[in-house]
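Please model the entire structure based on the sequences and the hints provided.
Residues per chain, in single letters:
4 protein chains.
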Amino acid sequence: MQQQYQSCIDACNACADACDMCSTACLQEDDVKMMARCIALDMDCAQICRLAAAFMARGSEFAGALCQLCAQICQACGDECAKHQMQHCQDCAAACRRCAEECRRMGSTAAA
Amino acid sequence: MQQQYQSCIDACNACADACDMCSTACLQEDDVKMMARCIALDMDCAQICRLAAAFMARGSEFAGALCQLCAQICQACGDECAKHQMQHCQDCAAACRRCAEECRRMGSTAAA
Amino acid sequence: MQQQYQSCIDACNACADACDMCSTACLQEDDVKMMARCIALDMDCAQICRLAAAFMARGSEFAGALCQLCAQICQACGDECAKHQMQHCQDCAAACRRCAEECRRMGSTAAA
Amino acid sequence: MQQQYQSCIDACNACADACDMCSTACLQEDDVKMMARCIALDMDCAQICRLAAAFMARGSEFAGALCQLCAQICQACGDECAKHQMQHCQDCAAACRRCAEECRRMGSTAAA
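Chains as they are written, first to last, in the numbering used here: chain H, -13 to 98; chain G, -13 to 98; chain U, -13 to 98; chain S, -13 to 98.
Note that these hints are calculated values from the structure, not bench results. Where is the CB? At the ideal position from N, CA and C, for every residue including glycine. Incorrect hints may have been included.
What the hints assert, rightly or not - A short list of chain G residues far from chain U (calculated; beta carbon distances all over 12 Å):
{"#": "1", "residue": "14"}
{"#": "2", "residue": "19"}
{"#": "3", "residue": "22"}
{"#": "4", "residue": "47"}
{"#": "5", "residue": "55"}
{"#": "6", "residue": "62"}
{"#": "7", "residue": "65"}
{"#": "8", "residue": "68"}
{"#": "9", "residue": "70"}
{"#": "10", "residue": "80"}
{"#": "11", "residue": "90"}
{"#": "12", "residue": "94"}
Said to hold, decoys possible - So these bits of chain H aren't anywhere near chain S, every CB distance computed over 10 Å:
{"#": "13", "residue": "14"}
{"#": "14", "residue": "50"}
{"#": "15", "residue": "58"}
{"#": "16", "residue": "65"}
{"#": "17", "residue": "69"}
{"#": "18", "residue": "70"}
{"#": "19", "residue": "71"}
{"#": "20", "residue": "73"}
{"#": "21", "residue": "80"}
{"#": "22", "residue": "91"}
Stated by the list, open to error - Label-pair restraints from in silico Cβ distances:
{"#": "23", "chain 1": "G", "residue 1": "20", "chain 2": "U", "residue 2": "23", "range": "12 to 22 Å"}
{"#": "24", "chain 1": "H", "residue 1": "19", "chain 2": "U", "residue 2": "-8", "range": "44 to 54 Å"}
{"#": "25", "chain 1": "S", "residue 1": "19", "chain 2": "U", "residue 2": "76", "range": "48 to 58 Å"}
{"#": "26", "chain 1": "S", "residue 1": "-7", "chain 2": "G", "residue 2": "-8", "range": "16 to 26 Å"}
See below:
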C-alpha cells in the first residue's frame, strides 16, 4: 500500500538530507548571522521531512495531514534558502520546492 | 521566550514516554492483534510529541501549527487507548488527553 | 564534505523506509504475536537509521560513532527479519544487511 | 519494566529541551560564528537524547548501548557549552552533564 507514496518519500528523504547539509554549510559561512533564519528553518524542515517519510512508509492514518504541514515548512525553507547565492542554499531551495510539491499532492490525495 | 511553552513541552515529553511504554506493553499482550491500531497510533503519537517538544524548545515559527496537528494525533491515540482496560493503555490515554489539551491551547495561541 | 557519506546516507534512508513498512505489515499479519520482536526491532532500526542519515548529512563529529551503533542494530533487525518468510520481512532483511555493511565501513573510516 | 529508566528518561528529555533552547539562543547572539560548534553539538545532543528517551521508554534491547553513545555526546556538548558565559549555555552545560552521568550509569547497568 505504501508504494503509492514512494515518490513523496524519496522527495522527503532528499529534502531532509539537503537541509541537514545546508545547516552545516551555513554555520561555516563568514557571515553566519545573515544565515540564522535559514539554519533554523533547515532544522525544522529536515526533522519534519524525516517524520513525514516515516509516517508514509508506515501507511499512517495521519500521513496526509502531516504532509500538508510538511509542504508549508518546505515552502518557507525553500523561499528563505532561495534568497542566498551559495550553492548549498540553491541546492536546498530546489529540494525543498520539489518536496513541497510532492507533499501538497500527497496531502490533498490522502484527505480526499 | 520558549519558557511560555514549558507546560506544553512537559506534556509532550510525558505523552511521548507513555506512548512508547504502551506500544511495548501492547506487543507483549496475549492478543496482540486486538492492539494493532493502538500500537500504530502509539508510534505516530510518540514521534510527533517529541518533535513538537523540539519545535517549541527552539521557538520555531511553526511550533503552533505543529501543535495543532499533534493535538489531533494525541486525541486519536487517547481515544483508542481508552477502549482497552490494561493499565498501560489507561495511563497512556490520560497522558494523550492532557497533551491534546495543552497542544490545542498552544496551537490557538500561537496562531493568534 | 558530506558527499563522501552519500552511499551510506542512501542505505540508511532505504533501510528506515523498509523497516517502517515492515512494522506496519507485521501488525497486519494473522499471527502478530510471532512478529513482536520483529516489530520492536523495526522501530529501533528505522529511528536510528534516520538519525544516522541526519548526522552524516550534517557532517557531525559523531557520525562515525553513531554509524557503528547503527550497524549493530541493522544487523540484529536483519537477522530477525530473515527468519520470517513474508516478502516484507525478506525485503527488510536485505535493506538492513546492506545498511549494516555501509555503516560498518563508515564507522571504521570515520574512527580512523 | 521501563520504570527503572525513569530518572534517565527525565534527564534525557530535560537535556534535549535545554539543547534545543540553547541552539536557538546561540543563533540570536551577536557573534554567531563563535557559537557554531555549540549549535552543531546542540543539534546532535538534542536528537540523540530524544531517541535515547524513546528507546528506554520502549525497553529496547539497545537502550543501554544507545545511552553509552548519548553519554559521550552529552559530555562533548556540555564541555563546549561550559566555555560560553551566556546563561543559556551555562544552563545547557548543566543539563548535559547531568544527562551524561545518568546515561553512563544506564549504559553500564544495561551492559552488565
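Legend entry - Minimum Cβ distance from residue 19 of chain G to chain U greater than 12 Å, as the annotation requires: Its Cβ does come within 12 Å of chain U, the nearest being 5 Å, so this is violated.
Inset, instruction - Take a quick look at residue 90 of chain G and tell me if its Cβ sits farther than 12 Å from every Cβ on chain U, holds or violated. - result: 27 Å, holds
Legend entry - Outside-interface status for residue 68 of chain G - nearest CB in chain U farther than 12 Å: Nearest chain U Cβ is 20 Å from residue 68 of chain G, so the label holds.
Inset, instruction - Decide, holds or violated, for the assertion that all CB atoms of chain S are farther than 10 Å from the CB of residue 80 of chain H. - result: 23 Å, holds
Legend entry - Verdict on residue 62 of chain G as a residue remote from chain U, using beta-carbon distances over 12 Å: About 16 Å separates residue 62 of chain G from the closest Cβ of chain U, which puts it past 12 Å; holds.
Inset, instruction - Decide, holds or violated, for the assertion that all CB atoms of chain S are farther than 10 Å from the CB of residue 91 of chain H. - result: 29 Å, holds
Inset, instruction - Could you let me know if the closest chain U CB is still more than 12 Å away from the CB of residue 94 of chain G? - result: Residue 94 of chain G is indeed farther than 12 Å from all Cβ atoms of chain U, at 31 Å.
Inset, instruction - Hey, is residue 71 of chain H genuinely clear of chain S, shortest beta carbon separation above 10 Å? - result: 19 Å, holds
Legend entry - Given as non-interface: residue 65 of chain H, partner chain S, CB spacing beyond 10 Å: 18 Å, holds
Inset, instruction - With 12 Å as the threshold, tell me whether residue 22 of chain G passes as away from chain U on beta-carbon distances. - result: Violated, since 4 Å does not exceed 12 Å.
Inset, instruction - Verify that the Cβ of residue 70 of chain G lies farther than 12 Å from every Cβ atom of chain U, and report whether the claim holds or is violated. - result: 15 Å, holds
Legend entry - Distal placement of residue 55 of chain G relative to chain U, Cβ over 12 Å: Residue 55 of chain G clear of chain U: closest Cβ-Cβ about 19 Å, beyond 12 Å.
Checked against the numbered hints above, the structure breaks hints 1, 2, 3, 13, 24 and satisfies the rest.
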